[in-house]
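Trainee: Letter by letter, the chains look like this.
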Amino acid sequence: MTEGVATPGAGWRRADGPPSQRRQKRRRRGGGRPGGEVAMVEEAEFTSYYGRPIIKPPVWKTPDVPLYLFLGGAAGSSAVLGAIADLSGRPGLTRAARYVAGGGSIASVGFLIHDLGRPERFLHMLRVIKVTSPLSVGTYILSPFSAAAGATAAVELLGWFPRLKRFGGIVSGLFGGPMATYTAVLLANTAVPSWHAFHTRLPFVFGGSAMAAGGGLCMALAPLAESEPARKMAIIGAGIELAAVRGVENDESVVSEPYHIGRAGTFMRAAKACTATGLGLAVLGGRTRVGAVASGVLLAAGSLLTRFGVFDAGMASARDPKYTVVPQRERMAAREAGVHSVTR
Amino acid sequence: MTSISSASPAFTGRDPDNRLFGPLPDVQGEAGYDDDHPARVGFFTDTSVCIGCKACEVACKEWNLLPMDDSHGARDVIGLSGMSYDNTGQLGANSWRHVAFIEQSRTVDLPMPAVGLPGATRQDSGPSAANATGDSLAHAQQSSVLNAEALSEFDPQTGQTGADKQIRWLMSSDVCKHCTHAGCLDVCPTGALFRTEFGTVVVQGDICNGCGYCVPSCPYGVINQRKDDGRVFKCTLCYDRLTDGLQPACATACPTQSIQFGNLDELQARADARLATLKEQGVETARLYGRDENDGVGGNGAFFLLLDEPEVYGLPPDPIVTTRDLPAMWRAAAAGAAMIVGVALSAVLGSRRPR
Numbered sequence: 001m002t003e004g005v006a007t008p009g010a011g012w013r014r015a016d017g018p019p020s021q022r023r024q025k026r027r028r029r030g031g032g033r034p035g036g037e038v039a040m041v042e043e044a045e046f047t048s049y050y051g052r053p054i055i056k057p058p059v060w061k062t063p064d065v066p067l068y069l070f071l072g073g074a075a076g077s078s079a080v081l082g083a084i085a086d087l088s089g090r091p092g093l094t095r096a097a098r099y100v101a102g103g104g105s106i107a108s109v110g111f112l113i114h115d116l117g118r119p120e121r122f123l124h125m126l127r128v129i130k131v132t133s134p135l136s137v138g139t140y141i142l143s144p145f146s147a148a149a150g151a152t153a154a155v156e157l158l159g160w161f162p163r164l165k166r167f168g169g170i171v172s173g174l175f176g177g178p179m180a181t182y183t184a185v186l187l188a189n190t191a192v193p194s195w196h197a198f199h200t201r202l203p204f205v206f207g208g209s210a211m212a213a214g215g216g217l218c219m220a221l222a223p224l225a226e227s228e229p230a231r232k233m234a235i236i237g238a239g240i241e242l243a244a245v246r247g248v249e250n251d252e253s254v255v256s257e258p259y260h261i262g263r264a265g266t267f268m269r270a271a272k273a274c275t276a277t278g279l280g281l282a283v284l285g286g287r288t289r290v291g292a293v294a295s296g297v298l299l300a301a302g303s304l305l306t307r308f309g310v311f312d313a314g315m316a317s318a319r320d321p322k323y324t325v326v327p328q329r330e331r332m333a334a335r336e337a338g339v340h341s342v343t344r
Numbered sequence: 001m002t003s004i005s006s007a008s009p010a011f012t013g014r015d016p017d018n019r020l021f022g023p024l025p026d027v028q029g030e031a032g033y034d035d036d037h038p039a040r041v042g043f044f045t046d047t048s049v050c051i052g053c054k055a056c057e058v059a060c061k062e063w064n065l066l067p068m069d070d071s072h073g074a075r076d077v078i079g080l081s082g083m084s085y086d087n088t089g090q091l092g093a094n095s096w097r098h099v100a101f102i103e104q105s106r107t108v109d110l111p112m113p114a115v116g117l118p119g120a121t122r123q124d125s126g127p128s129a130a131n132a133t134g135d136s137l138a139h140a141q142q143s144s145v146l147n148a149e150a151l152s153e154f155d156p157q158t159g160q161t162g163a164d165k166q167i168r169w170l171m172s173s174d175v176c177k178h179c180t181h182a183g184c185l186d187v188c189p190t191g192a193l194f195r196t197e198f199g200t201v202v203v204q205g206d207i208c209n210g211c212g213y214c215v216p217s218c219p220y221g222v223i224n225q226r227k228d229d230g231r232v233f234k235c236t237l238c239y240d241r242l243t244d245g246l247q248p249a250c251a252t253a254c255p256t257q258s259i260q261f262g263n264l265d266e267l268q269a270r271a272d273a274r275l276a277t278l279k280e281q282g283v284e285t286a287r288l289y290g291r292d293e294n295d296g297v298g299g300n301g302a303f304f305l306l307l308d309e310p311e312v313y314g315l316p317p318d319p320i321v322t323t324r325d326l327p328a329m330w331r332a333a334a335a336g337a338a339m340i341v342g343v344a345l346s347a348v349l350g351s352r353r354p355r
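Sequence lines, in order, name chains A and B. According to full-length UniProt numbering, the first sequence holds residues 1 to 344 in order. According to full-length UniProt numbering, the second sequence holds residues 1 to 355 in order.
Some clues are possibly wrong.
[Claimed, not checked] Pairwise CB distance ranges (calculated): (1) A:Pro119 <-> B:Leu246: 34 to 40 Å; (2) B:Glu266 <-> A:Arg269: 53 to 59 Å; (3) B:Arg352 <-> A:Val290: 16 to 22 Å.
Please keep in mind that the hints were generated in silico from the structure rather than gathered at the bench. Ideal Cβ placement from N, Cα and C applies to all residues, glycine included.
Generate the whole structure from the sequences, applying the supplied hints.
Mentor: Below, the structure written as structure tokens:
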């Protein structure tokens, strides 16, 4: 097999246990072979130190961080929708979008601070600005966004300062898009295999998911006469979410595996069911009150479950040395093969 | 002296000075220190002479006043992990040195005993040996003690197939690598992690707010959060001792010079010479780990001489600093944000005007 590449050199094996862990046979997904033929691939062996994880799993708490991802996404896309709806003269949709954006952003700040090991030091985030740290960049997205969105929702509730309200809505709309997608960079910019490997895809998973949730919630809350833009955004967002998640799940690499198995797999399957059902319901019955509320809630639930699934898949991939060692070995082997083919 | 504009390569993707990835001859200069900064220091951990005494672990704990260890592994009531003599388990917030123990065996084809040796005779003429008198049986057993094949019946460490097995122990004192491109340092949002004038990476305890972002960003799984404290901790390469002209505690305590402290370029030369010596002596599996400044983290400040593949010791075989790919991530996130604005805009414009 891959002797010498993925196994210890010179025949040395651990004396007190299994020599190395043989990965289970895995069905290669998305092969697209006709006639339902499934290719079974014999997996390479890999070695570990007593099965210990190599990287440290994130210390982020659940449900704090998945909820933060969900609320930030829903609030961000709602703020964008609200600002545009305001400019196009839809007061009912604008109001609903501002409540979702304001409530979501304030709650997400709460969850983020609660997740800190030293919550009383949350202002230390504002000491520096570092573009190499997605959390630092995110702080400078979240702070103005939540301030603007929260204030806009508050004056909307109180009915004060209409011109300030429009300004606040536009500011939150400007920060809404980055707010919804920077969280994907937050996860991907780690050594966690199942997050980092999809670093160009996760922003679209999160962006689509954010639009499904934000559009869904706005559709459920806005008056029926004005909810059409929200419904359209929710439908397009749900479609993008389903497509982008498919791209992450069906990758040939072993790091796609955590998205299928265990708790993360359950979350992802439930998310897909909710989002697909919500999508269908929004298309067919989104013009009725009941249909709008039901599909909006389903799409939001799908988005929430997607965040939990992605979070859990990353945690699972960090806890198993397989997902760290095998892709790195494959990378080394590919590099070696590339070098040889060049020199030949 | 290069000017220190904030790390713009993360946004632009253009990185001619290798500020995100690649070899970096002057890490302190890149971090903003003047040209008269001290030389970059580090550890060369030569695991081929490590005896597994754990003096480094103890010295580190004593000097840095670290609480009891926090390895979250499965252990029994008296605190034993079952992982050979390793009851520390892993590097963490309270274990800044960790000695790994790996017991290995390999099959070696010893020359088969020639005809006439007592062991061979005994095995070949099994039935007749059973009929032998007590005297000759005792004689056969006594002489067979010296025979490798006969030993295999009594020694659980040797095989049963006629081939013999060799046993060896790998012991290695792991530590923070003080990477040239440190993931933990790159992602820290508070500036609590910083590059010292010695080129090492240190956490400022009074700044850290326990966001935990550095923990999964370390490709080696070194830094961790102290649960009851909330902040993160890792090896400082004894920053306090360095500023007073002392060596780090672990290197001082090491009785076999397995842990060598010094200027990084001197250590690298010493390691290259040591590797050449070992290769000359026929240690075919010896290799340097973290020595190559063209690797995924730009080389390590603390590097190792290993006798087996890195993952055997719990080290990643091909670590890459996560921020190498950050420009691509920011581009994807910007595209995603633009997508949201575009979808929202077209959703509004494509809808009927409300009555």
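Trainee: Between Glu266 (chain B) and Arg269 (chain A), does the C-beta distance stay in 53 to 59 Å?
Mentor: Cβ of Glu266 (chain B) to Cβ of Arg269 (chain A): about 57 Å, so the range 53 to 59 Å holds.
Trainee: Can you tell me whether the CB distance of Pro119 (chain A) to Leu246 (chain B) sits inside 34 to 40 Å?
Mentor: Once the Cβ atoms are compared, 37 Å apart, the range 34 to 40 Å for Leu246 (chain B) and Pro119 (chain A) holds.
Trainee: Please check whether Arg352 (chain B) and Val290 (chain A) have a Cβ separation lying inside 16 to 22 Å.
Mentor: holds, 21 Å
This entry satisfies every hint, going by the numbered hints stated previously.
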